[in-house]
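Novice: Respectively, the protein sequence lines represent chains A and B.
The working numbering puts the first sequence at residues 1 to 329.
The working numbering puts the second sequence at residues 1 to 329.
Fair warning: there could be bad hints in the mix.
Put simply, identical chains are the same to the list, so a pair is met inside one copy or across any two.
[To be verified] As a list, the in silico DSS-like pairs of lysine-lysine whose alpha-carbon atoms are at most 30 Å apart:
1) LYS49 with LYS246
2) LYS145 with LYS21
3) LYS241 with LYS28
4) LYS33 with LYS98
Worth flagging that the hints you see were computed from the coordinates, not collected in a lab.
Protein chains: 2
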Amino acid sequence: MIVDIHGHYTTAPQSLWDWRKQQAAGKKPGELKITDDQIRESLEGAQLKLQRERGTDVTFFSPRASTMEHHVGTPEISLEWTRLSNDLIHRCCALYPKNFVPICQLPQSPGVEPKQSISELRRCVNELGFVGLNLNPDPSGGNWKDPPLTDRWWYPIYEAMVELDVPAMVHVSSSCNPNFHATGAHYINADTTAFMQFLTSDLFKDFPTLRFVIPHGGGAVPYHWGRYRGLAQDMKRPPLKELLLKNVFFDTCVYHQAGIDLMLRVIPVENILFASEMVGAVRGIDPESGHHYDDTRRYIEFAAISPADRRKIFQGNARRVYPRWNPAP
Amino acid sequence: MIVDIHGHYTTAPQSLWDWRKQQAAGKKPGELKITDDQIRESLEGAQLKLQRERGTDVTFFSPRASTMEHHVGTPEISLEWTRLSNDLIHRCCALYPKNFVPICQLPQSPGVEPKQSISELRRCVNELGFVGLNLNPDPSGGNWKDPPLTDRWWYPIYEAMVELDVPAMVHVSSSCNPNFHATGAHYINADTTAFMQFLTSDLFKDFPTLRFVIPHGGGAVPYHWGRYRGLAQDMKRPPLKELLLKNVFFDTCVYHQAGIDLMLRVIPVENILFASEMVGAVRGIDPESGHHYDDTRRYIEFAAISPADRRKIFQGNARRVYPRWNPAP
Numbered sequence: 001m002i003v004d005i006h007g008h009y010t011t012a013p014q015s016l017w018d019w020r021k022q023q024a025a026g027k028k029p030g031e032l033k034i035t036d037d038q039i040r041e042s043l044e045g046a047q048l049k050l051q052r053e054r055g056t057d058v059t060f061f062s063p064r065a066s067t068m069e070h071h072v073g074t075p076e077i078s079l080e081w082t083r084l085s086n087d088l089i090h091r092c093c094a095l096y097p098k099n100f101v102p103i104c105q106l107p108q109s110p111g112v113e114p115k116q117s118i119s120e121l122r123r124c125v126n127e128l129g130f131v132g133l134n135l136n137p138d139p140s141g142g143n144w145k146d147p148p149l150t151d152r153w154w155y156p157i158y159e160a161m162v163e164l165d166v167p168a169m170v171h172v173s174s175s176c177n178p179n180f181h182a183t184g185a186h187y188i189n190a191d192t193t194a195f196m197q198f199l200t201s202d203l204f205k206d207f208p209t210l211r212f213v214i215p216h217g218g219g220a221v222p223y224h225w226g227r228y229r230g231l232a233q234d235m236k237r238p239p240l241k242e243l244l245l246k247n248v249f250f251d252t253c254v255y256h257q258a259g260i261d262l263m264l265r266v267i268p269v270e271n272i273l274f275a276s277e278m279v280g281a282v283r284g285i286d287p288e289s290g291h292h293y294d295d296t297r298r299y300i301e302f303a304a305i306s307p308a309d310r311r312k313i314f315q316g317n318a319r320r321v322y323p324r325w326n327p328a329p
Numbered sequence: 001m002i003v004d005i006h007g008h009y010t011t012a013p014q015s016l017w018d019w020r021k022q023q024a025a026g027k028k029p030g031e032l033k034i035t036d037d038q039i040r041e042s043l044e045g046a047q048l049k050l051q052r053e054r055g056t057d058v059t060f061f062s063p064r065a066s067t068m069e070h071h072v073g074t075p076e077i078s079l080e081w082t083r084l085s086n087d088l089i090h091r092c093c094a095l096y097p098k099n100f101v102p103i104c105q106l107p108q109s110p111g112v113e114p115k116q117s118i119s120e121l122r123r124c125v126n127e128l129g130f131v132g133l134n135l136n137p138d139p140s141g142g143n144w145k146d147p148p149l150t151d152r153w154w155y156p157i158y159e160a161m162v163e164l165d166v167p168a169m170v171h172v173s174s175s176c177n178p179n180f181h182a183t184g185a186h187y188i189n190a191d192t193t194a195f196m197q198f199l200t201s202d203l204f205k206d207f208p209t210l211r212f213v214i215p216h217g218g219g220a221v222p223y224h225w226g227r228y229r230g231l232a233q234d235m236k237r238p239p240l241k242e243l244l245l246k247n248v249f250f251d252t253c254v255y256h257q258a259g260i261d262l263m264l265r266v267i268p269v270e271n272i273l274f275a276s277e278m279v280g281a282v283r284g285i286d287p288e289s290g291h292h293y294d295d296t297r298r299y300i301e302f303a304a305i306s307p308a309d310r311r312k313i314f315q316g317n318a319r320r321v322y323p324r325w326n327p328a329p
């Protein structure tokens, strides 16, 4: 079994985005009407087709990241949009329970305490069977105005995560800062930023079982692994393995063989979870390989690792990090 | 000959930092008194010792990046501090003309047009023999309030760079945003951010001979080279080689063998310039190798490349990118 832990519902029916556009403009968009057939259609030609073509089995599925847009509107608007988005994910997973496993977004807003997100998290996990969440470290959308993830500001949501035994993927949304291209800069920067926040804090002393997945291959972190080992050492911090690798994991959304090979060379295999982010940031075919850039299964298959390690990356680690997901092998 | 294109005067005498502290506090610190012997002492046991030990010959030498602090005080304060800092670099290079080549900082300030920096750039290049500059893409120090590097806001300084035929290293200073650790997040994020700005713009159509060095191995860029090739392709931009590799270069400040090997695998050798940033961000000895993390010469020596390519990285490319530096081979 191959489980892709990072997929977003980027292909949702247009009526969803129309609804959101109205809502964000301060209008009352009324009830969103999307039929089961419309959902099927939106998935059959996209995520399900790619699963079949690439030979992957399950996708951990969450609302589109770029449209979480926590910086838009009031906390009430964020909550309404979040519940709607999570409910739609729930319907996708109910229609295709073998193919999709639900991951929620949270109703965050800039300057609003993360504890306000706990009830939606509980609803998703306890009532709808979600197994993880996306946590936005910068609800301001590129202005980075809230405290770092290691600040006590965030502790209530961590207490809930620990109690519910669900991990968070650290995932920003779109950028309203013209300096940061969303998928080319803001996403990657946020990954790097979060890792360095964890490195400089004692967060995992306070929460020994708290777990984060840093997406997009961990931003710049594996490429600069020597820098991070050295920075920790200069600061008299414990070695990274001891300091945070029981709590911090990386996905494989790195879109070329050389990048994946580097990650496998420096990051312990126990900390790497298979993912592609399809249908996502990069949709084209790489002329150098003749395959889709985001067909990351190929890179893992071609990497010089043992079958046992490949199995950990494809499913074993996901079972450990997301214990609420626990199907037969 | 081995030229290290990225070194900062991090070891300057304490009186410099005391002077700056007073100036930043709004006091009148009076004349800075540093003797030639104090300069010699500050370099002999540090950069010069490391050059000898590591077998490198020349360092392109600029003021400490973290203390450029363009976000501190008025434009007048920034100008006074910048001139003082550049003059001190000039003295270092005059004392050790074989070992150091001067690179200037600019008197930038948040919200102040970059054209205000041109006269100091001209002074450094025309009067003091500087061969390049450090350009801060975020003078606000982690709040990213000025326009992207590709905005016309920056064009006057680019016109001067083209006229003077000097390249800029894109280099931020310290971060006053608690989300961003300076050397572990802000530096690397800025590198990634600048590259993506270049990728999405036609800057190099407007300035075909403008040249930037992206330090710290290009931030996250080589690790995500497939992502960047794919993003450019999805946006119908030209291939990266054509779009920006005549104008954008990467240094080798990547502190482990695996990272350097990745860079050499995906980035054309003509775009890679040797650098270590010593004495800089990471000062310790890597227990895995028994050598300093920032002894980057070793990684280049051990990499599987030809002697001709190694020579390009060690000096050939620097001669092309920094044509004002042109000593006998």
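Novice: Taking the hints in turn, state whether each one holds.
Specialist: Tested hints:
Proximity of LYS49 and LYS246 under a CA criterion of 30 Å is satisfied in neither setting, with 35 Å inside one chain copy and 40 Å between copies. Within a single copy, LYS145 and LYS21 get their C-alpha atoms as close as 25 Å, and across copies as close as 27 Å, so both meet the 30 Å cut-off. For the homomeric pair LYS241 and LYS28, neither the shortest alpha-carbon distance inside one copy (50 Å) nor that between copies (48 Å) is at most 30 Å. In this assembly of identical chains, the alpha carbons of LYS33 and LYS98 lie at most 30 Å apart only when taken from the same copy (25 Å versus 74 Å across copies).
This entry does not satisfy hints 1 and 3, going by the numbered hints stated previously.
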